[in-house]
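Enquirer: Starting from the given sequences, assemble the full structure and let the hints guide the process.
Here are the chains, one letter per residue:
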Amino acid sequence: MNQLDAKFGEYGGMYVPELLIPALDQLEQAFLEAKDDPAFNAEFMSLLKDYAGRPTSMTLTRNLVSNPKVKLYLKREDLLHGGAHKTNQVLGQALLTKRMGKTEVIAETGAGQHGVATALACALLGLKARIYMGAKDVERQAPNVFRMRLMGAEVIPVDSGSGTLKDAVNEALRDWSANYDKAHYLLGTAAGPHPFPTIVREYHRMIGEETRAQMLEKEGRLPDAVVACVGGGSNAIGMFADFIDEPSVRLVGVEPAGKGVHTKDHGAAIGKGTKGILHGAYTYIMQDQDGQIEESYSVSAGLDYPAVGPQHAYLSDIGRAEYVSVTDDEALNAFQLLARKEGIIPALESSHALAYALNMADEAEDDTIIVVNLSGRGDKDLGHVISILGDQVNG
Amino acid sequence: MDRYADMFARLNEQNEGAFVPFVMIGDPDLETSEKIITQLIESGADALELGIPFSDPVADGPTIQKAAIRALDNSVTPTKCFELLARIRAKYPDIPVGLLLYSNLVLAKGVEHFYAEAAKAGVDSILIADVPIREAKRFIDTANSNGIKQILIAPPNATDATFQAIGDLSAGYTYLLGRAGVTGAETAATMPAASLIEKLTNVNAAPPLLGFGISNPEQVKHAIESGAAGAISGSATVNLIEQNLHDVPAMLSALDGFVSSMKAATRK
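Going down the list, the protein sequences come from chains L and P.
Here the UniProt record's numbering is used: the first residue of the first sequence is 1, the next is one more, and so on.
Here the UniProt record's numbering is used: the first residue of the second sequence is 1, the next is one more, and so on.
Keep in mind that the hints were calculated from the coordinates and are not lab data.
Among the clues, some could well be false.
Heads up, incomplete: computed chain L residues facing chain P, CB under 10 Å, no partners named [to be verified]:
no. : residue
1   : PRO17
2   : ASP25
3   : ASP175
4   : LEU278
5   : ASP290
We put the CB at the ideal spot given by N, CA and C, even for glycine.
Expert: Right, here's the structure in full:
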């Protein structure tokens, strides 16, 4: 049986083949033992600080917001080694892999950020990585494919299904079913079967903890709102976790509205999806009336996922967090604004959170402190953005 | 009526094991699929294990994934699958028919509604590939109240607690995994089935049928010699459909030869 609660309200659970249950139980056990092991924690903390660059900065924007009542801060996960928050929890799970005596790592990746984080952690810790990536994503994200291979990971294009992230997850689960004895499945977001949503949250929760400390230091109080983008929801849950019990702090998750939530081309699983099971968890998913999973869409590959982490489904239902959505165009606009006004090029994923925070800033009537989790940097998106904006961008 | 119990009693009397082929309903299309299923029965299948196509079949290898894609491309829905099943049931009142599918298809219809529809279509058992025993209670309860057997999987790596739960909860038959991994004929069943079968016998589990990686008569013979009540062959059966997509008579003839030879291997 499970030692930790496998569900968040009715959400979550372990909807996987019986064959994978021993591997998930082993992972839960390793996670719990590691939590109380000073040596494990010391190594994790040391990697986060000396290798990855924690704590990350908290930057007050200077020019972005015109409303004088608003202070908009950026939690700079984009400055973390690897270019995104992903590195945090990958280091934690890679250490767990070693602790379990496993020598191989299986991972899935969409845009390639989780794949890059996995590749770097495996290179550092002497693990053999194989990373499943939808064939379409392999084409769209060539620089990240090269980064992974450069760091010694095997990148396996997935042709089945739609050839995107959800198919890469399917293929990773299939691989794990055959190789759980020697391989750990290093899931990249706060979704999937228990214990992944809990482990991923705990290994990202320093984002919110640092934010709390930095706000208390700079402002002498907690922020009024923290805002983060939500695909599977790992950076958002890492930002939210430490504030869930602080009712004065609004928790805002921003889903990708793609070409608009009134179209089929979006990825707003909480906003427009219905309850169901995908990749081991009961949560909000995008599906047709028969239960077939629908393709999601977003300009940002990292948010292009037709489900959401189960704790977000729960936080939405109980009203503790609010989930909104932002279109491709709004995100692209925020992407350019941050570059132009602050000299920071954000990831397209993070640009969704920023776009919504800018709306909040415009509408604020009282003194308001907003923190946006700037979960990644935008270098990886340049090729894609050039193809969309091209000559429109000119100083 | 307990078609599985009747089948096992009859086979025991005849000193035979069960041969159970698996195909995806609606592969490659509903009309051909009905012919395929009819052929499997006419060629001597003792029971049927039938899939309802799902977009994201994580427990299946490439062969069965492609079968699901062919069916979905031809707009096969659970409702149409149930209609086909009802026609098969009308024609063959005695053969046990099991469904093998994924949880989201069940949830989308509502668990109670799905099981009621399945019962109405003459389905005897349901196996949900992504519902382990830990999550199975509501499905088992609904199965029981609808006169359907919930089939449980016994994997080679299961703990003693899992074996005990299988003993307590299994009905119809127990799906014994021949190996780790996903479905597929590429990797043969490898495990020493005998020790697992002994464990299942000790906990009074429903009769074990060995599946995953079963593609030839020698494996069927070996499964039955190891104490299994029979064998299930999915990907090898589906391969014959894939290899003959454009020649239905050749497909049916290949299936006939395959089922006959697999069935012959069940005779002790």
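Enquirer: Against the earlier hints, flag every one the structure doesn't satisfy and list their numbers going up.
Expert: none
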